[in-house]
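Protein chains: 2
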Amino acid sequence: MKVGYKIWLDNHGKAFGDGPCELLRRVEKRMSLHQAANQMGMSYSKAWRLIQTLEERLGFALLERKVGGPSGGGSQVTSRGKALTSHYERFRKDVEKNIEKVYHKHFGFAEKKGRK
Amino acid sequence: MKVGYKIWLDNHGKAFGDGPCELLRRVEKRMSLHQAANQMGMSYSKAWRLIQTLEERLGFALLERKVGGPSGGGSQVTSRGKALTSHYERFRKDVEKNIEKVYHKHFGFAEKKGRK
Numbered sequence: 001m002k003v004g005y006k007i008w009l010d011n012h013g014k015a016f017g018d019g020p021c022e023l024l025r026r027v028e029k030r031m032s033l034h035q036a037a038n039q040m041g042m043s044y045s046k047a048w049r050l051i052q053t054l055e056e057r058l059g060f061a062l063l064e065r066k067v068g069g070p071s072g073g074g075s076q077v078t079s080r081g082k083a084l085t086s087h088y089e090r091f092r093k094d095v096e097k098n099i100e101k102v103y104h105k106h107f108g109f110a111e112k113k114g115r116k
Numbered sequence: 001m002k003v004g005y006k007i008w009l010d011n012h013g014k015a016f017g018d019g020p021c022e023l024l025r026r027v028e029k030r031m032s033l034h035q036a037a038n039q040m041g042m043s044y045s046k047a048w049r050l051i052q053t054l055e056e057r058l059g060f061a062l063l064e065r066k067v068g069g070p071s072g073g074g075s076q077v078t079s080r081g082k083a084l085t086s087h088y089e090r091f092r093k094d095v096e097k098n099i100e101k102v103y104h105k106h107f108g109f110a111e112k113k114g115r116k
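Line by line, the protein sequences are chains G and F.
Position one of the first sequence corresponds to residue 1 (the working numbering), numbered consecutively onward.
Position one of the second sequence corresponds to residue 1 (the working numbering), numbered consecutively onward.
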C-alpha cells in the first residue's frame with residue numbers, strides 16, 4: 001500500500017500543476033511549444049488551449065511568441081512563467097515530503113507488518 | 001488562488017479515498033448500499049462494482065450482506081471497514097492541515113499582496 005495524490009494550484013479551475021510545469025520546462029529547452037507538446041504526446045492545439053486557460057486563470061502570460069529570425073520563430077517562457085515553474089517545483093517537493101510523512105505516521109504500521 | 005488536491009490509498013490502483021469513505025459512512029447509517037449509493041447520485045451497480053474492486057485491492061471485506069429479517073436484508077460495514085474509515089478520516093484531516101501549511105509557506109505571500 002502507498003499514498004496516491006494529485007495536487008494543483010486553483011483559481012476558479014486548475015491554474016497550474018505537474019503537467020503544465022513539465023510542458024513549460026520542455027518549452028524552455030526546445031524554444032518551441034510544438035516540440036514540447038509533441039514530446040508529451042499532446043497535440044499542439046491542446047497544448048495551446050491549455051496555455052491560454054492557465055494564463056487566464058493566473059492573470060499573466062506564460063509564453064511569448066518569437067516570430068521569424070534564423071530559427072523561424074518559436075515560443076519562449078516569460079520570466080514570470082519561469083519564476084512560477086521554479087516556485088511550483090519547490091512547493092511540489094515539499095508537498096511530497098509532507099504527504100509521505102503524514103502517510104507513514106498514519107499507515108506506516110501496515111508496512112512494518114509486511115502488508116502490501 | 002488556493003491549493004487543490006486529491007488523495008487516495010493505492011494498492012495497484014485506488015484502494016480507498018474520499019468517495020469510498022463517504023459511501024461507507026452512508027451505508028453505516030442507512031444499513032443499505034442501495035440507499036447510500038442513491039444519496040450520492042451513484043447507481044447501485046456502480047457502487048457494488050466499486051466495493052468489489054476496493055475489497056480486492058485492500059485484501060479484506062468492507063461490507064457484509066444481511067439477508068432477510070424484518071427489514072428485508074441490507075448491507076452492513078464490517079468492523080475492518082469501520083476501522084479503515086475512521087483511520088482514513090484522521091489521515092485525511094492531517095493531510096489537509098499539512099498541505100494548507102505547505103501551500104501557505106510557499107504561496108502565502110500572494111494572498112498577503114491581495115492577489116487572487
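Read the hints as simulated data drawn from the structure, not as lab findings.
Warning: the hint list may mix true and false statements.
Which copy is meant is left open, so a pair is good if it fits within one copy or across any two.
Claimed, not checked - Simulated pairs of lysine to aspartate or glutamate, EDC-like, Cα-Cα distance not exceeding 20 Å:
(1) 2 / 56
(2) 66 / 96
(3) 6 / 100
(4) 101 / 22
(5) 93 / 64
(6) 82 / 100
(7) 105 / 28
(8) 82 / 10
(9) 2 / 94
(10) 97 / 64
(11) 2 / 96
(12) 101 / 10
(13) 105 / 89
(14) 93 / 18
(15) 105 / 10
(16) 6 / 18
(17) 29 / 64
(18) 2 / 55
Quick caveat, the model's predicted, so the values are computed rather than measured.
Comparing the hints with the structure gives:
1. 2 / 56: Between copies only: 15 Å across, 35 Å inside.
2. 66 / 96: Answer is neither: 36 Å inside a copy and 42 Å across each miss the 20 Å cutoff.
3. 6 / 100: Both: 13 Å inside a copy, 14 Å across copies.
4. 101 / 22: This pair counts as neither: shortest intra-copy Cα distance 25 Å, inter-copy 24 Å.
5. 93 / 64: Neither, since 28 Å and 41 Å both go past 20 Å.
6. 82 / 100: neither (27 Å within a copy, 24 Å between copies)
7. 105 / 28: For residue 105 and residue 28, neither the intra-copy (39 Å) nor the inter-copy (27 Å) Cα distance is at most 20 Å.
8. 82 / 10: within (18 Å within a copy, 33 Å between copies)
9. 2 / 94: Intra 18 Å, inter 16 Å, cutoff 20 Å: intra and inter.
10. 97 / 64: neither (34 Å within a copy, 37 Å between copies)
11. 2 / 96: both (13 Å within a copy, 17 Å between copies)
12. 101 / 10: between (24 Å within a copy, 16 Å between copies)
13. 105 / 89: between (24 Å within a copy, 14 Å between copies)
14. 93 / 18: within (11 Å within a copy, 23 Å between copies)
15. 105 / 10: Cα proximity of residue 105 and residue 10: across copies only (16 Å, versus 28 Å in one copy).
16. 6 / 18: both (9 Å within a copy, 13 Å between copies)
17. 29 / 64: Within one copy only: 14 Å inside, 56 Å across.
18. 2 / 55: between (34 Å within a copy, 16 Å between copies)
The earlier numbered hints that this structure contradicts are 2, 4, 5, 6, 7 and 10.
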